[in-house]
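Read top to bottom, the protein sequences are chains R and H. Each residue of the first sequence is one higher than the last, beginning at 21 in our numbering. Each residue of the second sequence is one higher than the last, beginning at 34 in our numbering.
Just so you know, these hints were derived from the structure itself, not from any lab. You may find that some hints are simply not true.
Label-pair ranges, simulated between beta-carbon atoms [to be verified]:
#: 1; chain 1: R; residue 1: Q129; chain 2: H; residue 2: D56; range: 38 to 46 Å
#: 2; chain 1: R; residue 1: G145; chain 2: H; residue 2: A55; range: 31 to 39 Å
#: 3; chain 1: H; residue 1: L44; chain 2: R; residue 2: G160; range: 35 to 43 Å
#: 4; chain 1: R; residue 1: P134; chain 2: H; residue 2: A100; range: 29 to 37 Å
#: 5; chain 1: H; residue 1: T45; chain 2: R; residue 2: S105; range: 20 to 28 Å
#: 6; chain 1: R; residue 1: S148; chain 2: H; residue 2: G122; range: 36 to 44 Å
#: 7; chain 1: R; residue 1: S105; chain 2: H; residue 2: A120; range: 19 to 27 Å
#: 8; chain 1: R; residue 1: S33; chain 2: H; residue 2: G152; range: 33 to 41 Å
#: 9; chain 1: R; residue 1: D128; chain 2: H; residue 2: A169; range: 37 to 45 Å
#: 10; chain 1: R; residue 1: D128; chain 2: H; residue 2: I49; range: 32 to 40 Å
#: 11; chain 1: H; residue 1: A55; chain 2: R; residue 2: D146; range: 33 to 41 Å
#: 12; chain 1: H; residue 1: A116; chain 2: R; residue 2: S33; range: 25 to 33 Å
Not everything, but these chain H residues come out facing chain R in the computed CB check (under 7 Å) [unchecked claim]:
#: 13; residue: T65
#: 14; residue: W87
#: 15; residue: A100
#: 16; residue: G102
#: 17; residue: R112
#: 18; residue: A114
#: 19; residue: A155
#: 20; residue: G168
Note that CB positions come from ideal geometry on N, CA and C, so glycine has one too.
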Amino acid sequence: MSGGGLARKDFASVGDRLAPQRFGPIGAEAVRAFAAVSGDRNPIHVDAAAARRAGLDAPPVHGMQLVALMHEAAAREGAAIRAFSTRFLAPVPVGEAVEVSGRVVKVDQGGADPHAVMRLFLTRGDGSLACVAEAEILIGAGTGSR
Amino acid sequence: VTPKPVPSADLTIGPIEAVIDADAVAAYRRATGLEGGAPAGSRVPATFPAIWLWHPEAMAAVAEASASGTHAPILVAQRFAYAQALAVGERYRFTIRRFRDAGDASAMAIEATVRRLDGSLAATFRASYRLVALGADLAA
C-alpha cells in the first residue's frame, strides 16, 4: 500500500521529521477486508445508506485502520513506540488516499526513561486533516516498534 | 419512549484468554495494508489487540450500543500503551470495561487491559466513542 525502504532514525531531537508516507486509495474492498479481520462490522463502514443515516456523506474508513497506518509509518522509520494516542477530527471516506507525516515535538533525555514525543498528522486526499496523534518513542531502544 | 443512547450500566467482561495466532496477524497485516516492511507475522501490529473488542465473549461491550438500531458508535479517540511487546504464539488474558460519561449520555469509553498469563501487564487500550443517533436515509 505504501513504500518501505525509508531511512531508519532514532527521533531523538526536537524537529526530527517523519518523511511523509502515502497509503491507499483505501477502497471498499479493503474496508470490507478490515471489517472481516477485525470483527468490527459496524454497518456505517460498509453500507452507504447506514453511513447517510449517521449523517455522513459516505462510508468512512475504520478509525483503527487509520491508527494502524499512522503507527506503521513511524515504525517503518525505526520508531520504537510504547504509546500512541489519536484524535479523529474528520472521517476519511472510502476510496480516498491518505498521507501520514510527523515531527518530534518533545524530548526527555533525563532519568532512566529517555523518550520523545512525536506528533503525527493524517491528511485526506484534499489535504485536510483527518487525525492527529501523539506517539511516545523510546530513545536508545534500538529500531523497531513495540 | 426515547431509547437510551448508551447501555444503561457500566460493564466488565473477562478476563478472557486469547492467543496471538500467526495466521491472524498475517491476515490483519494484509487487511490493514501493511504488507510492506516487516515480513507478515514477524511483528504484531500495535493495533492488533483491538480485534479482541470484537471477540465473541467481549463484543457486547460495544455491540450493545447499537443493538437497538437507533444509534451507531463512532470512534472519536483512542490510546494504547505497551509495557512489553506482544508476541506471536503467546497467550494473554484481557479484560474489557465499558464506562459511561455521567455528563454526556452520548459518550462511551472502552478500556482493555492485556496481561501475560504470569499476570504481568502487557498493554492497555482505551477507545472513546460517540453514539450518533441514526436518522432516516433521505437518499433512499
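Restraint satisfaction for R112(H) [CB to CB of chain R, less than 7 Å]: 4 Å, holds
Residue hint G102(H), partner chain R, criterion CB-CB below 7 Å: Because about 10 Å separates G102(H) from the closest Cβ in chain R, which is outside the 7 Å limit, the hint is violated.
Outcome of range test on Cβ distance (D128(R), A169(H); 37 to 45 Å): 52 Å, violated
Outcome of range test on Cβ distance (S148(R), G122(H); 36 to 44 Å): For G122(H) against S148(R), whose Cβ atoms are near 41 Å apart, the range 36 to 44 Å holds.
Assessment of proposed distance window 31 to 39 Å (beta carbons of G145(R), A55(H)): 34 Å, holds
Per-residue hint verdict: G168(H), partner chain R, C-beta under 7 Å: 6 Å, holds
Chain R contact restraint for T65(H) - C-beta distance below 7 Å: 5 Å, holds
Status of the A155(H) interface restraint (C-beta, 7 Å, chain R): The hint is violated - A155(H) has no Cβ within 7 Å of chain R, the shortest such distance being about 10 Å.
Proposed interface contact between A114(H) and chain R, which counts if any beta carbon pair is under 7 Å: Status holds, d = 4 Å.
CB-CB spacing for S33(R) and A116(H) relative to the 25 to 33 Å hint: 26 Å, holds
Beta-carbon spacing of L44(H) to G160(R) - inside the hinted bounds 35 to 43 Å or not: 41 Å, holds
Status of the given 29 to 37 Å range, CB of A100(H) versus CB of P134(R): 46 Å, violated
The structure shown violates the earlier hints numbered 4, 9, 15, 16 and 19.
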